[in-house]
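**Student:** Two chains, two frames, some hints: make the complex.
Chains as they are written, first to last, in our numbering: chain A, 1 to 125; chain B, 126 to 259.
Because the hints were derived from the structure by calculation, they are not lab data.
All residues carry an ideal CB built from backbone N, CA and C; glycine is no exception.
Among these hints, one or two may not hold up.
As the list claims (entries may be wrong) - One-sided and incomplete, this derived list gives chain B residues near chain A with beta-carbon spacing under 8 Å:
id : residue
1  : Val-152
2  : Ile-154
3  : Val-163
4  : Val-209
5  : Leu-222
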Amino acid sequence: MPEFVTQGLELLIQLLEICGASLLILGFVVATWKWVHRIRREGHRTALGYYRQSLGRSVLIGLEVLVAATIIKTIIVEPSFEGLGLLAGMIVIRTILGWTTALEINGRWPWQKRRPEAAPSQTKS
Amino acid sequence: MLELNPASVGEKQTVIEILEYLEKAGVVISLFAVALIVAGFARAAWRYARRFADKTRKENFNLFKVELGDALLLGLEILVLADVIGTITVTPTFESLMYLAAIVVVRTAVSWTLTLEAEGRWPWQASAEEQDGA
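So that you can see chain B by itself, here it is in the shape it has in the complex (with noise of 0.2 Å):
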């Protein structure tokens, strides 16, 4: 990434190491995100399941969108976090930044739009609760 001057090529080379473990754990940080949307989604896929009978069909799957989509907004916040230390390590070009602005709008769109589905409204807009003064 940057040059290296022979005179501090050792203290250098641990930095690096470093920032190469570093990232290795935001890879690990993403493929628990992973694991939580597939869990979140079996669990979902369950409740609803169980609930058929009690609940008219609507009411049913309104309350298997809702989980569903408190599993993928976990999960794609936790992949953004991954993101951001993933950036630290990623040579810069012009493509690599272009692609990391892709996935940061791509996430807040869809964390914006699970917002608005799961409790009908904008993120930016007072929650019910809080005009409640709850």
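If we strip away everything but chain A, and leave its shape as in the complex, we get (with noise of 0.2 Å):
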């Protein structure tokens, strides 16, 4: 592969990373910001459902951007099988994070239909 199309590569990858982690960042501090207003106007307890939810989606968003940038960075590794047995492990990591976190907002496995008597709550959202 030409030199250049690796650096590009890279630099594109190193984007993405910080992309996610703006998106991490941004939405932490969204959330806290609204969870500390939240709790003067509808209780704590409330807000603490409303927090807990809006942090684990930005969890994910964050994670699905880096996910991509693993992917790419599949592409120009070096090919040796350390270096792809590396990549494998940080994309199953960060995969069954975002399985896990889907699962404590939703309530349910990504790969769950959505459950008919789990609609009602979900509209208040």
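**Tutor:** Structure follows, in structure tokens:
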């Protein structure tokens, strides 16, 4: 692969990583800000529920962008079993983290259909 | 982390610097999470002491446990968020990867068992509220 392609892809990967991290931090700041305001308006318990949901959503979005960066990295990784194994491990960890986060905010695994009886509580948020 | 080409070291440097700042923000977020856990613990203990006279001891203790669990869960969730940021700048070696995997497993297990204790169900089971259609 030509040198400039590798260089460009490296830069792209790092930009994606910056994007992912910024999304995480921004999501965290916004969620915390809203939480502090909600505590006074809607009480402690409601505010906590919303806060955890919006935190989970920021983690999901950030992870998705980071997984994209890791996938692009597989193109330019030095072809060795070690490098490949490390990337695979990173992708597995990020994917599993995404699943468990989705489980916590939705109450179901990503591959499960939405429960019909869960629908009314979904419309609240 | 990646080999640098002398021609583009300048812009690489800025990109890496930005990543380092973001990582520092991640550390600040973990500190915030620790502060939240401590504050949540103090709040739960305070409310436990205040309720002491009006509730039976068992009832009071259960409420205390649930409130502690809430604080821990919230702290854990924020710590996971901070960890994800930490994974970006870490030099990928098998050791750091295993470490990260272990952290994720431990936090997930803690979070699930805390949910189980506080709400009496696993996270993938429908809650009583949902089953009532509330």
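**Student:** Each hint: holds or not?
**Tutor:** Hint check:
1. Val-152: Hint violated; Val-152 of chain B Cβ to chain A Cβ min 11 Å, cut 8 Å.
2. Ile-154: At 6 Å from the nearest chain A Cβ, Ile-154 of chain B passes the 8 Å test, so the hint holds.
3. Val-163: Violated - the Cβ of Val-163 of chain B stays beyond 8 Å from chain A, reaching only about 16 Å at its closest.
4. Val-209: 6 Å, holds
5. Leu-222: Cβ of Leu-222 of chain B sits 5 Å from chain A, so the hint holds.
In summary, the structure is inconsistent with hints 1, 3 from the numbered list given earlier, while agreeing with the others.
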